[in-house]
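Once you have looked at the hints, place chain B on chain V.
Residue numbers (my numbering), protein chains in the order written: chain V, -1 to 450; chain B, -1 to 450.
Errors might be hidden in some of the hints.
If several chains are the same, the list does not tell them apart, and a pair holds so long as it fits within one copy or across any two.
[Said to hold, decoys possible] Capping the alpha-carbon separation at 30 Å, the derived lysine-lysine pairs in DSSO-like fashion look like this:
1. Lys48 - Lys225
2. Lys18 - Lys357
3. Lys118 - Lys157
4. Lys193 - Lys182
5. Lys48 - Lys76
Calculated directly from the structure, the hints in this document are not laboratory data.
2 protein chains.
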Amino acid sequence: MKLELNRNLIDQLSQLIDQKADHDIIQIISEFHPADIAEIIEELNSDEAKYLFSLLDGELAADVLVEIPENDWNSYLKLLPPDVIAHRFIEYMESDDAADVMAELDEDLQDEVLLQLEDKEQAGDIADLLEYDEDTAGGIMAKELVAVNENWTVQTCLKEISIQAEDIDEIYYVYVVDDNFVLKGVLSLKMLIMKPTHTVIKSMVTEDAHFVRTDASQEEVAQIMEKYDLVALPVVDQIGRLKGRITIDDVLDIIREEADKDYQMASGISGDVDAGDNVFQRAWIRIPWLFIGMVGGIIGAGVLGSHSSQLEQIPAMAFFIPLIAAMAGNVGVQSSSIIVQSIASGTRSFDSVGRKLLKELTVAFSIAFLFSILIFVYNYFFNGNMRLTYSVSITLFIVMIFASVFGTVIPLVLNRFKIDPAVATGPFITTTNDILGLLIYMTVAQMFFKIL
Amino acid sequence: MKLELNRNLIDQLSQLIDQKADHDIIQIISEFHPADIAEIIEELNSDEAKYLFSLLDGELAADVLVEIPENDWNSYLKLLPPDVIAHRFIEYMESDDAADVMAELDEDLQDEVLLQLEDKEQAGDIADLLEYDEDTAGGIMAKELVAVNENWTVQTCLKEISIQAEDIDEIYYVYVVDDNFVLKGVLSLKMLIMKPTHTVIKSMVTEDAHFVRTDASQEEVAQIMEKYDLVALPVVDQIGRLKGRITIDDVLDIIREEADKDYQMASGISGDVDAGDNVFQRAWIRIPWLFIGMVGGIIGAGVLGSHSSQLEQIPAMAFFIPLIAAMAGNVGVQSSSIIVQSIASGTRSFDSVGRKLLKELTVAFSIAFLFSILIFVYNYFFNGNMRLTYSVSITLFIVMIFASVFGTVIPLVLNRFKIDPAVATGPFITTTNDILGLLIYMTVAQMFFKIL
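Same shape as in the complex, but just chain V (with noise of 0.2 Å):
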C-alpha cells in the first residue's frame, strides 16, 4: 500500500520525532517524492521540520530544500557551516537552483561556499547567475544545457550529448552554436534521431527558433513559452552568444506566484495566505488592506459630517449611503481589474491608453444609464420622496461614471511609473470610490434640494 499525504501521516512523523525514532521516519519519508517531502515539513512545526530535515542525506536533503518555499531556506541553513552547504546541498542541485538558495545567503557566506565547491566549473556558473537581476531571463535560467556545433554530423552530436547531458535531469532541445558559441537554432532530440547520422547540422536548424536577452522580465519569458507553447527557451546576451535556458517548470512558478499575487492583491492580502499557523503571521498580512479600508471609512465618516445638516433634514438620505458606496467599488474594481488582466496579459500593444479609456467610458455609461433607471424605477414606486429618488438617480450615475473612470486611469498610471497596477485592485479601488461616491452624493443631493 502506498501510504498517503494526510493529517494522520503528519502526526504519525511528529510523534516519531518526538521519540526520535530516526529509522521509522526514514523509512516512511523514503516512500515520498522530495516534492511530498516538502510539504510534509511545511505541515510541521519548526522544530519538528528542522530536525526531520536533519535526517535526509546528501541529494534527497538538496532536491527537498529546492522544493520548500524560499522564505524558509534561511532557516534551514543560517546555521551550517560554508563547508556543509557547499557539499551537502549546492554540489547536488542545477545552477539556478543553486544560484536561488545561494542568493538567500550573506554576501560574504555566499563568496565562502563558492570558494568550498570542488567543481570550479560549477562555482563559476553559480557565480555568474549570481550576477543577473532576481526576476530577470538572466535570473531565472540555468547554464545545464546542451549545446552542438552547427559544423559537426548527427553522429558528433549525438556523441557530444551522450557527454554533455551527464549532469542534466532532462534534456528537450539541443541547441546549436556557431564557433563563437552564438545561437543558431533549436533542435529537438526527436529532429536528431530521426535524421540520417551523417546530416550536418547546419542544414536542420529553422531561423526562427525564439530566444530571449538576458535582461528580459520574467513575465516576457512567461509569455513568449506561454504563446508559442515551448518547454524550455534559451537565453542569449547582447551579442547573441548562448547563456543559459530557462525550463517551463521555472515559468509555471512564476505564473502561479503573478497569479497567487493579483488575487491576493484583489482581495485585500498582502502576503502569502498559506503564511503557516502562527496567528500572528496570519492577521498581519490582512492588517494593512483593513487598516486603509478603516482610514477609508473614517474619511467617509468625516465627509457625512460635513453634511450633517442634510442628513437630519432628510434622514431617508442615509438609507442609500450603502448602495451608491457598494456600487461605486464594484464598478470601480471590475474596471481596474479589467485593465490590470489586459496589462498582465501583456505583448499586446494593441490598444492606446486613450483608446483603451474610451472604451471603458463607452461602457461605464451603458451600465450607468442601466442602473441608475432601475434605481429610479425602484424608488418611483417603493419610495414616496421624489427629490431623493432623483438624487439617488442622479448620483448613481454620475458615481459609476466617476468610478470607472477612477478604476481605469489608477491602474494605468502605476503601470507608466512602473508599479505593478494589480495594487490598485481590491480595497484600494474599493476605498477611494466609496469616498468619492460619499462625496458626489452629498452634493448632488445638496445641489437639487436646493433647485427642487
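Chain B alone, transformed into the frame defined by chain V:
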C-alpha cells in the same frame, strides 16, 4: 526587419483586406507564427477576420484555428461543409486539438466529419476522445505518443521511435508498456541515447512513474504536473492500459484559465475580459454582479429604513455606515479568498473543516479586537457621543467576526456541494456582508441606546 505586432499593423491589414490585396496580406501574414496570426485575427472585426482566415492555406489554417479562443471556432466553421472541415482542418491537427474543435460542432456534423476523414485511425482516436468529459484527463489528453514494449532493446526502441514519432510534434518521454499495453514506466529520450544499444528496456524503467486515470479532474492533472515538474503525463484506464498523454502546454492553459476565472470572480466579472470591442458584450459580463450589488444596496436601504427612528434620533449614526459596511466587506473577502486559495491549491487534505474554521476564528478575533480598539480611540478623541463610540466599536467587533466566519463557511459549503467556491468571493461576499453589517449595527445601537 522583423514586422512588429501592433495597432499600425492591424490597421494596415484592415486596409489591405478592404482592398482585397490578397497577395500583400499573405506576404505580411507569412512572417508570423500561428499564435501571432490568431492574435491579429482577434483584433480585426469579424468580417475582416473571416476574410483573412479564408486566405490561410491548409496546415496554417488549422494551426491558427487552434490558437483562436474556443468560443470563436463555431463562427469560422459552421458554414463549411463537413469534407472541408475534415480535409482542411481536422486532418492537420493532433488528436486533442481535433477533439476539442469537434466538440464544438453539432453531433450530426461531428459524425459527418468523422466519416470524411481518410485516416481511419485518426477518426477512431478522435471518436474515442469525444467520449470523455471535457474537463477530465481523458478530455484533455492526446492519443499521439510513443510507446515501446518493455521486452525490446534500446536499439529496437530507437528504430520504432523514429517510425512512431513521424506524426508527433515533440517527444518528451517514451512510454514503456507490456504486451497488454499496460503502462510499466516512463523513459526520457535522453536515457535511451545514453544507454548501450543492447540494453533491455525493462531494466531501465523506474517503477514510480507518475500517471493519472482518464477520469481524473483537470485540476488534479495540473496539480500533479506542477508539483512534480513534469512536461508530459501519461493517462491510463481502470486496468492501467495506456490511453494517451497530456502535455504541459495544455496544463498551462488550464492553470491560466483557472487563475483568470478566480480573479474575475473576485472582481465581479462574469466572463472573459477580452470580450472584444462590442460594448454590449463588455457591459454584459459586468451587469450580473452589479445587479446583485444593487439588490444588496436596496435590501440595505430597507434595513436602514426599518430603523429610521434611530437614525432620526441620532443622525451621527449614519456617519459610520460606510465604515461598518466596508470593514465587513473587506474582512469577508479576505476570509473567503484565503479559503478559496487553500481549496484551489488542492491535494492537501491536512486540515479538517473544523481546524480551518478554528484557525480563521483566532485570526478574526485578534483582527476584530485590534480594529475595534483603533476606532474606539479615534472616536474617543474626535467624537463627542460616547454611546455612539461604544456602539461603533462593539458593532465593528461583532461584524468582523461574523464576516470572517461567513467568508470562511460559504466557500466550504459550496465546495462540499461541488460548486466552484470562487463564486463566493468578491461582490457576493461583499454584498451579503454589507447587509449583515448594517443589521448588526442597527441592532447593537438600538440595544445600546436603550441600556445607556
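Point to revise | Structure versus earlier hints - violations, ascending order | key: none
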